[in-house]
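Participant: Read off the chains here:
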Amino acid sequence: MAGDGTVKLIDEKGIRLDGRKADELRPVSIKIGVIKNANGSAEIRMGKNIIIAAVYGPRELHPKHRALADRALIQCFYRMSTFSVNDRKSPAPSRREKEISMVISNSLSSVVLTEKYPRTTIDVYLQVLQADGGTRTASLTAASVALADAGIPMKGLIASVAAGLINDQVVLDLFDIEDQKGSGDLPLGYCPVLDEISLLQLDGVFTVKQFEDSLNIAIKGAKDLYEIQRDALKQKYTDIRAEVEVPEKPKAEEPKVEPKVVPKPVLKVEKPKTEEPKPSEDDKREVE
Amino acid sequence: MAGDGTVKLIDEKGIRLDGRKADELRPVSIKIGVIKNANGSAEIRMGKNIIIAAVYGPRELHPKHRALADRALIQCFYRMSTFSVNDRKSPAPSRREKEISMVISNSLSSVVLTEKYPRTTIDVYLQVLQADGGTRTASLTAASVALADAGIPMKGLIASVAAGLINDQVVLDLFDIEDQKGSGDLPLGYCPVLDEISLLQLDGVFTVKQFEDSLNIAIKGAKDLYEIQRDALKQKYTDIRAEVEVPEKPKAEEPKVEPKVVPKPVLKVEKPKTEEPKPSEDDKREVE
Amino acid sequence: MAGDGTVKLIDEKGIRLDGRKADELRPVSIKIGVIKNANGSAEIRMGKNIIIAAVYGPRELHPKHRALADRALIQCFYRMSTFSVNDRKSPAPSRREKEISMVISNSLSSVVLTEKYPRTTIDVYLQVLQADGGTRTASLTAASVALADAGIPMKGLIASVAAGLINDQVVLDLFDIEDQKGSGDLPLGYCPVLDEISLLQLDGVFTVKQFEDSLNIAIKGAKDLYEIQRDALKQKYTDIRAEVEVPEKPKAEEPKVEPKVVPKPVLKVEKPKTEEPKPSEDDKREVE
Amino acid sequence: MGDKYIISEIEKDHILSLLEQKKRIDGRTFDGFRDIKIETNVVEKAEGSAIVTIGDTKIIVGVKAVLGTPFPDTPESGVITTGAELSPIASPYFESGPPSEAAIELARVTDRTIRESHCVDLSKLCVVPEKHVWILFIDFYVLNHDGNLFDVAALGAMAALATTKIPKVKVLEDGSVEKSEEKEQIKIEHYPVAVTCYKIDKYNVYDPNFKEDRVSDSRITIGFDEEDRIVALQKGYQGTYKPAEIMEIVRESLNVSKALRKELMKSLS
Amino acid sequence: MGDKYIISEIEKDHILSLLEQKKRIDGRTFDGFRDIKIETNVVEKAEGSAIVTIGDTKIIVGVKAVLGTPFPDTPESGVITTGAELSPIASPYFESGPPSEAAIELARVTDRTIRESHCVDLSKLCVVPEKHVWILFIDFYVLNHDGNLFDVAALGAMAALATTKIPKVKVLEDGSVEKSEEKEQIKIEHYPVAVTCYKIDKYNVYDPNFKEDRVSDSRITIGFDEEDRIVALQKGYQGTYKPAEIMEIVRESLNVSKALRKELMKSLS
Amino acid sequence: MGDKYIISEIEKDHILSLLEQKKRIDGRTFDGFRDIKIETNVVEKAEGSAIVTIGDTKIIVGVKAVLGTPFPDTPESGVITTGAELSPIASPYFESGPPSEAAIELARVTDRTIRESHCVDLSKLCVVPEKHVWILFIDFYVLNHDGNLFDVAALGAMAALATTKIPKVKVLEDGSVEKSEEKEQIKIEHYPVAVTCYKIDKYNVYDPNFKEDRVSDSRITIGFDEEDRIVALQKGYQGTYKPAEIMEIVRESLNVSKALRKELMKSLS
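Heads up: the sequence lines are chains A, B, C, D, E and F, in that order. Using this note's numbering, you'd call the opening residue of the first sequence number 1 and step up by one each time. Using this note's numbering, you'd call the opening residue of the second sequence number 1 and step up by one each time. Using this note's numbering, you'd call the opening residue of the third sequence number 1 and step up by one each time. Using this note's numbering, you'd call the opening residue of the fourth sequence number 1 and step up by one each time. Using this note's numbering, you'd call the opening residue of the fifth sequence number 1 and step up by one each time. Using this note's numbering, you'd call the opening residue of the sixth sequence number 1 and step up by one each time.
Derived by calculation from the structure, the hints in this document are not laboratory data. Don't be surprised by glycine CBs; every beta carbon is placed ideally from N, CA and C. Check before you lean on any hint, since a few could be wrong.
[To be verified] Footprint (simulated), chain F over chain C, 3 or more residues, beta carbon under 8 Å: (1) 190-204; (2) 207-219.
[Claimed, not checked] Here are the simulated DSS-like pairs of lysine-lysine, each with C-alpha atoms no more than 25 Å apart in a straight line: (3) A:Lys48 x D:Lys165; (4) D:Lys37 x A:Lys31; (5) B:Lys48 x F:Lys37; (6) A:Lys89 x D:Lys22; (7) D:Lys165 x D:Lys22; (8) F:Lys131 x C:Lys89; (9) E:Lys199 x A:Lys209.
Produce the entire structure from the sequences given, and follow the hints as far as they go.
Facilitator: Now the structure itself:
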């Protein structure tokens, strides 16, 4: 991140290269249920970012000795597709991908009621199809929605977005060029329901004042994003409602697509799809 | 595989660069019992190919969770020696080696009576000492003989050879240069006793007619090869006979070399050397 | 190792580039207890070599199937820091590091009373902070002291040093330049108490006579080194004595630093710190 | 798969008893395909890209074009290299880690269909012989696995390739090359598609869903070009075929290939 | 850590009940540090090196300077690359093998503190643009882990960097470069330090020992430069913070950073 | 091995009680070798190759010669690099996977015998200093393991090297090199062989079969050249030696080396 003054990233009127104001999010859309096999999934598009989140679990953990006696383990796997960036990314997982996987996993662990599923794992796969700055925050935002889609009980959704500095000015939600040419980046993961910060990183050079302003603008942005997350989950609820109006016997072979009634999108969905955290012998043999 | 017309791979009389006719196999020799420690083994020389096949098993599988409840797993490991080709091969296993290992394993699995040895593994190691085109088919041919040598009951031997196109003509058993300069390659694994095809791959460009002709010529070639396989196994039987004439108590310390009477080389050899598919505790400790 | 005659490694008076005589060790210092978390540890400085040895164990071995039914396994991990040599060393373990780990492990296994701790592992970590020729021997010397510091019962300490040839003359304890420019290197691991050789390697070109002389000078050097090892362990004993004079209740939270009374530095220390080779359930859960 | 997943005998019996009545579990004919959807140019940052869905199977393919040096023995040819990831995102049966045997087979069979069809003239990817050629990395990610991966992968690879645009290149005086902003569509010489026939007991079906795929005894994937030539073939799983069966499948699959190519061409027009 | 090691509830309760009484297990104040010792030039063969101990935590850092080619997109900049090893030498809880998640985080957070502070002007590491630049490999090895690795690692990295001497380089006529025997200290433009605040239940403490580290719910590491600017920040573990708490920690950590920098500068003078 | 394979006490006792009577399980004297067979030029596509069998132990060695760049610090020397694979083809006790400790030791000890004997003058492998040198890859594969791998490997390496023919090379005007069809035997300056003495309890035997190898307490491998000089030595396993024992073994092994070299030279004539 170089504070390269030669590029004018924001004009006198406070308008950025892509036409946004300083505290404006990029266009965001969130679609639920995009991966049929997963227990829950979401696709987020934010600027040119395209990211898929899929949740599998709670399910048995292999090798077993890694299981936690009193709660579920949340494992995240953030991966960039080779073609998601300008220069082809090597398919081998990078140290960056491992670090991001860890901070996302930590953040989600703070809101999931993991103690409900001792000795299991909840696996969250994040595949970046196109990267445009802020993939870690968009991934966390999508992951949180995918967990809700999977019916995993949570204390609240996490909305995640970065603030940053361009030409020494605090702005929300940096896109690719701003990320590269700007002088600071502050990714935030925030749970509006709880008013708690669960992901926070920074690189660049910030005065304490700039940091405080950035933090505030990021929190505001996260709150805006949260509304979009809720809408996505509500939309699904509406869709299911519409479907349920026409009564129809669920197909026996496809237990997965049986309508999941999500009365309120976020908090403590009563029963997750996988009711029995300890899979039966049959399941186990299938998984091997 | 490039259809390079500048090299004349076959002349007007239908004679190929190495003097063979279109439907002729390269000189083949198969020798049995070349790896003393193995339960069964064979060396095949076919043109300049030199390949060793060694069979270990049925034996306990590690890790155990990979074992199959109702039958033996057949694991093949096809590997090229670094010096087997003109340009030194890297010693790390390539994707090509992994794919070939898989298709050979699939082919052998179709004839071995795997259900006789539940929860065990039968390991087939294939080491290419020199490569001259058609190593996968020669490997499969040798593997099949090595399994018979190990006394593993099979529904029938698999004979394997490729057909291909050179200068748009269908020929049998391509050697190195034909493989590189020809315009198509169709490796076949075929069980003459059952009249069943268990390995089939193709690359190049074939009309449907050329494909059918190639398939037929390859089947005919496989039948010829099968006779050579039988002879190799018969020869061994004869050798053992000769040896058995002079009665001699088998050495107690060397249970492995006790004469294996193979009354008819192929079908359902009554008792494999390792009679007890579930190894005893002692065996297990030795293997660790 | 090239016998490069152009560099004068030793002068007419038998004085070497660093001022030593042929049969003289480099300045050596050994410090005990340098790694607080380890059960035993030592730092050796020998010439410009700086090496740390740390011992953990006897402790449970993972995966369990590698454990030995009748004795402890001794696992050594010799590693060079990336910055320990003139050209940066890659952080990935080299074949050389693996071989050295093995010969050190073999040597230590010959003196440790491994049968006292069946089914456990004693792990010896050797980190080369700076390399100056003879790191394997210095590592073994330090490892041996670290084992004594850990209270592991041994038949005797191993002292390890190399002899070698420079300008066709037999000398003791080659340093970096002598190692590179000399014409032979003979690393020795020797147990003075038992008069037994437990490590011996050689590269270079030696007549049988030169070999015998080198062996003898190395044994003599090892005996000198042994005195330094003993002094280091005695010093520790003295230090502890001094400390114990002022009686003081050991802190309950810090069982590790409870004074280890080492009455005679080497032979068969009665009780190792970790008295119970089979860790309790609690320990096990902590290790996971 | 066969080996890897144990399916209840009951389910297998159910599928088979339907097949005996000429029915499939979702009501299709034996050679009936599920809905096919091909979207191209889905990832701007890739030089070419496509998402193909057949039923609930979904694969994304991206093409990255990178300037590199040619292989010493083909100094005037560009390079195509194909990789597949069967990420656990796509199925509860996939595991994390380095490419599995199944992923390697999927990548290599698709690679052969592309390569052997000569759909891209590699000599046209050469910029400066021996020095600079285009390397096309075709990478695909299975996003949801509901059977029939080979056909979907090949459609995706062709759709991505056929929409690939690479920068024009200027060769400077000192022999180095400079990419321009302007991009140019690569020329496609042939339009191969792959068709896989799955054998369950003695029945041959096409485009299986995951359950049908899983109970299959064997499969044959055939790559056909638009001149009805066979450019690749792979028998998979452990089952076997009579020679006559093979020829029957070749002819049947050739018919299917025409329908698949129609979908491909529609998406490209 | 949180996850990885199970600590007896009794021990955690003990630590907490002391904290409620404003006490720590070893008697320090909440922001009190253990003894700090910084030794530099400990490894002659490294271009720069340091051993830093805080209490019983000990880390060695070495800098190797290697001539290499720059990244194509920054042809006039040298390169800094940071690696950490949490070798099992340092703790019974570390395992052998490739770098763990924890090692990667430690290396990357320290790397960001160094890099973002611009403490080394990368353009000064350029010898011949596009051809030859200095690559500084900063590698650290944790030798004994008794808590608070991030602060120790950053001190070590800065102490090693600030004492790094690299050979003078002559550019020959043919464009190749030749290292001279003479060495030159690299210039340090800024002196960042990292301060980590650990949260145990609702208490914030600094410089935890291993047990305190292990029972922490979360931590925040902040890199500050000598102009009191924030150059890096990392929240770790699974716990969370209220926005106001963050600001409080920033201000408190800023104070702590000044004390740490004093120790650093003392070691360099 | 010692560690890795548990042999029944009964078998060990049996071997030992025979040794006490000066007998071995297969009737040989303590320094008696099994039949030795050395075949060279077994793989045409290798520049050099050999299969060596001693009793039922069989190793194939191939030499590939590749043009490459020299190490920067030895710009006028070619390179020899040695690799060994203990593939599970050779023994039920070998496992698949990356080279084991045992394979690494076998390769490195054989490498030292070759390298330190200066049997190939590396300067003669230099084509253009700093630019082009021959790299000789000596790779060996154990095909059947019935004891005494080190002696067999060294014989194989020497037999393969001594029959290695590398292409003549023309240096073109632009400094690049061109291989000709014509090949030339490399010159061998010395003929080292390796002799391993195995100690079972207090008895020293040579050329053990697998069972004797497995019950050995220790072994010493010594490389001797034709001028009776020691060029490599490796003590293996966990057993120990008195200094006087070592010297006795050196002298005994030296005698054995002459017999082995006779076999080697016979195969090369």
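Participant: Would you mind marking each hint as holding or not holding in the structure?
Facilitator: The hints, checked one at a time:
| no. | hint | result |
| --- | --- | --- |
| 1 | 190-204 | holds (count 12) |
| 2 | 207-219 | holds (count 7) |
| 3 | A:Lys48 x D:Lys165 | holds (19 Å) |
| 4 | D:Lys37 x A:Lys31 | holds (18 Å) |
| 5 | B:Lys48 x F:Lys37 | holds (22 Å) |
| 6 | A:Lys89 x D:Lys22 | violated (47 Å) |
| 7 | D:Lys165 x D:Lys22 | violated (46 Å) |
| 8 | F:Lys131 x C:Lys89 | holds (24 Å) |
| 9 | E:Lys199 x A:Lys209 | holds (23 Å) |
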